[in-house]
Amino acid sequence: MSERMKSEVKGVDFVVPQVPPEGRMNHSHIYIKLIDASKRKETNVEIAGQIRKILMKYKDLRYRVNIPSALGGGGEAQFYPIRGSLLGQDFNKVVELAKLCTEEMKKKPGLVDVEPGLNLNNPEYQVRVDRQKASDLGVRVIDVATAVRLMFLGRR
1 MSERMKSEVK GVDFVVPQVP PEGRMNHSHI YIKLIDASKR KETNVEIAGQ
51 IRKILMKYKD LRYRVNIPSA LGGGGEAQFY PIRGSLLGQD FNKVVELAKL
101 CTEEMKKKPG LVDVEPGLNL NNPEYQVRVD RQKASDLGVR VIDVATAVRL
151 MFLGRR
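Those letters in the sequence shown? Residues 1 to 156, by the numbering used here.
I should point out that these hints are in silico values taken from the structure, not numbers from a laboratory.
Note that this is a predicted model, so its numbers are computed, not measured.
Just so it is clear, CB atoms sit at the ideal spot from N, CA and C, and this is done for glycine as well.
A few of these clues could be false.
Okay, the calculated beta carbon distance ranges per label pair [what the hints assert, rightly or not]:
1. G49 - N92: 30 to 40 Å
2. D60 - S2: 48 to 58 Å
3. Y58 - K107: 38 to 48 Å
In silico SDA-like cross-links for lysine to any residue, where the CA-CA straight-line distance does not exceed 20 Å [as the list claims (entries may be wrong)]:
4. K93 - P109
5. K33 - V19
6. K33 - N66
7. K53 - V129
8. K6 - L34
9. K33 - D60
10. K99 - V114
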């Protein structure tokens, strides 16, 4: 993918794939350094469009092409010129509304990479330890956490 970006997208200086060492195995980033704006014809938005055309060919891939804000900021928030939040007591209702809002926003011309920040592809198990019983048995909570992690992820 990195080589394809470098060879097919005009205005790219270099590409660095970034895969997290552990954790979300279905998640990665590609950092694309552009040639200085004074030395290329393409705008950042045009280059982002070229990248989207390549990525949309991968039907099972969820992607987002981010252009850092000129205003700066920190973390991933710097990439979102428009950002909203949905809050509520009922998780399922919030998810339903997020999906509805996402579909409506995708219909608006000029809005690209519209995606809710909720990722339902990362299943989660929560284990609640009865601390009193564990203590009575001489089992530490960290030992339970380690055993559960080992059960799901195996040894590394």
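Report task. Would you check the hint for K53 and V129, treating anything up to 20 Å between C-alpha atoms as holding? Result -> 49 Å, violated
Query raised in the report: Given the hint that K6 pairs with L34, does the C-alpha gap stay at or below 20 Å?
Result: 10 Å, holds
Query raised in the report: Straight-line Cα separation of K33 and N66 no greater than 20 Å?
Result: Distance ~12 Å between K33 and N66 Cα, so the pair holds.
Report task. For the pair we were handed, K33 and V19, check the Cα-Cα distance against 20 Å. Result -> Answer holds: K33 to V19 is near 17 Å, not above 20 Å.
Query raised in the report: Straight-line Cα separation of K99 and V114 no greater than 20 Å?
Result: 11 Å, holds
Query raised in the report: Under the criterion that the straight-line Cα-Cα distance not exceed 20 Å, is the pair K93, P109 satisfied?
Result: With Cα atoms ~27 Å apart, K93 and P109 exceed 20 Å; violated.
Query raised in the report: In this structure, is the beta-carbon distance linking G49 and N92 contained in 30 to 40 Å?
Result: 36 Å, holds
Report task. Would you check the hint for K33 and D60, treating anything up to 20 Å between C-alpha atoms as holding? Result -> 25 Å, violated
Query raised in the report: Is 38 to 48 Å a correct range for the gap between the Cβ atoms of Y58 and K107?
Result: Since the Cβ atoms of Y58 and K107 sit about 23 Å apart, the hinted range of 38 to 48 Å is violated.
Report task. Please test the hint of 48 to 58 Å on the beta carbon pair from D60 and S2. Result -> 19 Å, violated
Violated hints, in rising order: 2, 3, 4, 7 and 9; the structure is consistent with all others.
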